[in-house]
Amino acid sequence: MRKAFDYSRLLKTLVAVAIMMVASVGFAQAGKLSIGHFVWVGYGPLYLARDLGYFKENGLDVDLKVLDETSLSMAAQASGRLSGVATTIDDLLKYRSKDLCFKTIFTMDSSNGGDGIVVKDDINSLADLKGKQVAMSEGSTSQFFISYLMKQQNIPLDSIITTNMTADEAAVAFIAGHVPAAVTWEPNLTLVKTKKAGKVLIDSSQAPGVIVDVLELSCSVIQNQPDDVKALVKGYYKALDYMKAHPDETNAIMAKGVGGYLTEPKDFAAAKAGVKFYDKADNIAYMGTIQSPGPLAKVIKLGNEIWTDLGRMPNGEVKYKDIVDTSFLDQ
Amino acid sequence: MARVSVLNACLTPRASIPNQLYIGSGVILWVLIIMVWSILSYGEVVPSIFLPTPGKVFASGFHLAANGQLWVDIWASTEVVLLGFFISSLVAVPVGLLMGSFRIVQATIEPFVNFMRYLPVTSFVPLFILWIGIGIEQRVMVIIFGTFFQQMVMTADVSRGVSQDLLNASYTLGASRRDTVWYVLGPASLPGVLDMLRVTIGWAWTYVVLAELVAASSGLGYISMKAMRGFQVEIIFLAISIIGILGLLTDQIFRVVRLKAAPWAP
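Note that the protein sequences, when read in sequence, are chains A and B. No gaps in the numbering here: position 267 of the first sequence is 447 in my numbering, and each next residue is one more. No gaps in the numbering here: position 242 of the second sequence is 255 in my numbering, and each next residue is one more.
Since the hints were derived computationally from the structure, they do not count as laboratory data. Any given hint could be a false lead.
For lysine-lysine, the following BS3-like pairs were computed, each having C-alpha atoms within a straight-line distance of at most 30 Å [said to hold, decoys possible]:
1) A:Lys446 <-> A:Lys418
2) A:Lys460 <-> A:Lys446
3) B:Lys69 <-> A:Lys499
4) A:Lys278 <-> B:Lys69
5) A:Lys460 <-> A:Lys478
6) A:Lys446 <-> A:Lys245
Calculated Cβ distances over 10 Å to all of chain B for the following chain A residues [claimed, not checked]:
7) Leu191
8) Lys310
9) Lys375
10) Asp383
11) Lys456
Note that the coordinates shown come from a computational prediction; the quantities given were computed from them, not determined experimentally. Ideal placement from N, C-alpha and C gives every residue a C-beta, glycine not left out.
Isolated chain A, as found in the complex (with noise of 0.2 Å):
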């Protein structure tokens, strides 16, 4: 005899595995913090710091989650399944509103020569790009970041023909010829000129402090975790110092944690070189205090100022103090 279908037990196989994912799902727990990230070299020291046990030591444990782009990280965070997101000051500007809340704790790092605008060789400056195409990932910080120097330079931003992509692809279209400028990031900067595609017209080096990396915590987490998130602050500052006497050993750690197009400890040096790291000082300078705050806030006004004229600050302007929280800087 044939056996019938046996519902019953698909049905209690069913209830188990849905049981098992909701239990997986990180909720807010003391002593646990959850960071979802992209692949960038700048978040290395995290995981240095917690392969490490600078966060153990403290009695924190960090759960580090890389996302593809940022918004996933943020609807992550916004239904309560990370406790925060390390990624660039601008990007954060348009996802923070009375519905989400979260706060700047520390200045991560910030591009010092990894992000840049390729260009052909006939086009020298930006006002060469006036009506010429500009690949770029719309909405991302390339597009804060050549907004930011046309704004310096008094170009509108309407000049320009941007045309949509991620930096990776941008690169692609401009090293096959699709377009005559891209704005990208490093390691697609060095491969256009070891191509000999084209040049680098201007690289995040020629602005420092404007491509700025954060980590960013909800504000319900900052409320109900202020210990675990002073031990993340505290570990996050001793696996920079010790990155800075130890760069052989600590670049094969972060290489592996950081993973991506960076696993080669190689390659995860020559990223290095392009960004610039926050310690403890650099972000007591740099982001200031509420009441005076540092260079970080004239980087939340541009942001602001630049969204809003590209109509993507939908819900009003962030002011510094809604989007940072400088009390724990110092550990």
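Given chain A, work out where chain B should sit, using these hints.
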């Protein structure tokens, strides 16, 4: 008595049910969905960044329709999807029929098709940029790549499903091989092919976001991607709903075409 028979019809596999009941039950589900949505969003059970109110979605639709942008977006996506779908079907249907009917064609191309059909379209996006560029051709190519190989396999299955009795009968009646392909295999496959097209145009639409990832300046996929950066959830809902409605319309068109073109088929 009548009530019992309607109930019976509902509980009997494949039995037909009264027309009003058929339409009514479809409408009821939609009303329920919109009701639950309204309760959750207007009642602020779920924060607005997770679920916008129906009113907000409509308002954003009206706003975009008023300044004309919405029509540009709808047309941009429809153009890409239909172009990709037509080009793909134009090749996939005849080749698929041959693949299902002739063993030599099957032996030659089936292994290749089955290899290609598992490849993720996403990984081909950078290659398409290199090979094809960043114009509409690239977007159309994404749609073609996403549907073509699936269409081939499904069409081959349709043609294989044509009853051998029909072929034998036509040979017995003195038909040549060519006549058999042209007058028996072809028409007998028609309803199945139309069903296959109805299913795969839905798949073509699901690739619209991926297609508009590169260098699009308008389109439903493009606006929903753009809205994701900054959580304009109502725009994402709007784009999704419009794609769904377009899909529903397309489906009805295919239903009518199938009824007219192959009224004899079940």
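To see whether the hints hold, each was checked on the structure:
{"no.": "1", "hint": "A:Lys446 <-> A:Lys418", "verdict": "holds, 23 Å"}
{"no.": "2", "hint": "A:Lys460 <-> A:Lys446", "verdict": "holds, 27 Å"}
{"no.": "3", "hint": "B:Lys69 <-> A:Lys499", "verdict": "holds, 26 Å"}
{"no.": "4", "hint": "A:Lys278 <-> B:Lys69", "verdict": "holds, 17 Å"}
{"no.": "5", "hint": "A:Lys460 <-> A:Lys478", "verdict": "holds, 20 Å"}
{"no.": "6", "hint": "A:Lys446 <-> A:Lys245", "verdict": "holds, 23 Å"}
{"no.": "7", "hint": "Leu191", "verdict": "holds, 22 Å"}
{"no.": "8", "hint": "Lys310", "verdict": "holds, 18 Å"}
{"no.": "9", "hint": "Lys375", "verdict": "holds, 12 Å"}
{"no.": "10", "hint": "Asp383", "verdict": "holds, 23 Å"}
{"no.": "11", "hint": "Lys456", "verdict": "holds, 26 Å"}
Hint violations for this structure: none, all hints satisfied.
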